[in-house]
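A.B. asks: Work out the full structure, taking the sequences as your base and the hints as a guide.
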Amino acid sequence: MHLIINHFGFLMQGVLYTLGLTAIGFVGALVLGTVLAVCRVGPITPLRVIGSAYVEFFRNIPLLSLLVLFIFGLPDAGVTIPLFASAAICLALSASAFACEAMRGGINSVSVGQAEAARAIGLSFAEVLRFVVLPQAFRAMVQPLVNVFIGVLLSSALAAAVGVAELTNRTQQLNLKYAEAVVCFLFAGAVYLLIALAGGTVGSRLERLLAIKR
Amino acid sequence: MSTANRVLFDAPGPRGRRRIKTMTVASVVVLAIIVAAALKQLGDHGQLQAYRWQAFTTVPYLRVLGEGLWGTLKATGMSAVLAFPLGALLALMRLSTRRPVRVLAVGYIEVFRSIPLLLLIYAFLLALPRYGVNLPVFWKLVVPIVMVMSAIIAEVVRAGILALDRGQSEAAEAIGFRYWQAMRLVILPQATRLVLPSLIAQLVTVLKESTLGYAVSYPELMKQGDFLTARTHLLFQTFVIVAVIYVVINFLLGRLAGWVERRLSRRPGGAGPRATQETQLANAPNAGLAPTA
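Sequence lines, in order, name chains A and B. First residue of the first sequence? That's 1 in the numbering used here, and the numbers climb one at a time after it. First residue of the second sequence? That's 1 in the numbering used here, and the numbers climb one at a time after it.
Since the hints were made in silico from the structure, they are not lab data. Think of the CB as a built atom: it goes at the ideal place given N, C-alpha and C, for glycine as much as any other residue. Check the hints yourself; a few may be wrong.
Stated by the list, open to error - If the Cβ cut is set under 7 Å, some of the chain A residues that face chain B in the computed set are:
1) V68
2) G73
3) P75
4) A77
5) L134
6) A157
7) A165
8) T168
9) N175
10) A181
11) V182
12) A188
13) L193
14) A198
C.D. replies: Structure representation (structure tokens):
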């Protein structure tokens, strides 16, 4: 136990890194996912093709493979990005494919009649989106997006394997130095569990907030 | 256009069609510029030279990668074979009428769904050997994967069971089946059919998680790629090829899942009578699953 107390600052810095990776990765995934979802539901064929190809690729490539390519491969091609930034970018890239699917699922869950009715009463495209489609779509998106958030959190641990000093990495470092190993892992596990639970709680709050009140 | 989202758009009029045409051309041009820039960047740094890629058509290179692929498939297969039944068992436990059993299952599922696999693997690699638990390398990879995957599978199977019509279990009870008989003969076969596509899709997750063999030095595809680059310095090429192999296999698995889903839903009395919210949940591409690896 005193191991954790003695290295509390060290571990907390790791927690900060993990939170940072997760936050940047998730927000990046939301932004990129929105763009992709727009491409995929829009009427412009090349953009739809690019959108689906992107999603298929990044959903199917293992994150570790992407990280290694990005961090060790790109410098060979003359592109050098700082370690932390590369990890965050990779997280955002791969999670955006899942975020895009979550959003597309949400939009598709709104029945056609809703938008047709909205158009029939003379709402413009932006108004249709703002007042009719998106409010209903958001409701169906919340749970899948919470899953994406937890996915980003868990995936951020992979950055440890390529040398980003986040929580998992620091736990492992402490382990190599000291014998009192299990405590560190329990601590790290508890931190991840807490963050995931917090994400889940925010998600269900949001879901309740968006629910239809009759 | 016919496949475009009908929720958001009416069929475009003449002006709309013109705008779509301009945007089409513009997007193709932008894409071409991006691809050209990327290729130029790679070419300028000599990454496209033929010898750097031709090496991968020779037998020794192929053998190293082939061994890696075999290792990956072995780890994936073993993990799936162990995690699927364990997941089904956990799902049944979570639906049990006995409270302690239920609490146990919920606790297990929630914990292992929220812990990164790599942390677990490091625990097996670094911490547990000090307490006398020292598994062979293969199992240091497979056991953590099974622990995490069984929690994910449990949620998928549970969604399938909940999606079945209540009438099914009531009818089984009515003709005098005991709990296990009803489960074995009525509920589970139907639920399995219902979630089969998402179970196949979960194989993608298992395959992706097996890349963590890289961390335990188990010779799967990533580790073998690492081994190869240490000797050849063809790092970029090796890992592009490795990535392509993963993407192709996972893409095919995804296609298989889609095909199975279409087949089952075509059959009368096949995959469930109606698409309830639960089934959609079970069959969403990432049902209850975090895209972990």
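A.B. asks: Each hint should be assessed against the structure and marked as holding or not.
C.D. replies: Hint-by-hint comparison with the structure:
1. V68: 5 Å, holds
2. G73: Status holds, d = 4 Å.
3. P75: With a closest approach of 9 Å, the P75/A hint is violated.
4. A77: With a closest approach of 5 Å, the A77/A hint holds.
5. L134: 10 Å, violated
6. A157: Constraint on A157/A satisfied, holds at 3 Å.
7. A165: 14 Å, violated
8. T168: Given a least distance of 5 Å, the restraint on T168/A holds.
9. N175: Hint on N175/A: holds, closest Cβ of chain B at ~5 Å, below 7 Å.
10. A181: The hint holds - A181/A has a Cβ within 7 Å of chain B, the shortest such distance being about 4 Å.
11. V182: 5 Å, holds
12. A188: A188/A check passes; min Cβ-Cβ to chain B is 6 Å, inside 7 Å.
13. L193: 5 Å, holds
14. A198: Since the shortest Cβ distance to chain B is 10 Å, the answer is violated.
Violated hints, listed in ascending order, are 3, 5, 7 and 14; each of the other numbered hints is respected by the structure.
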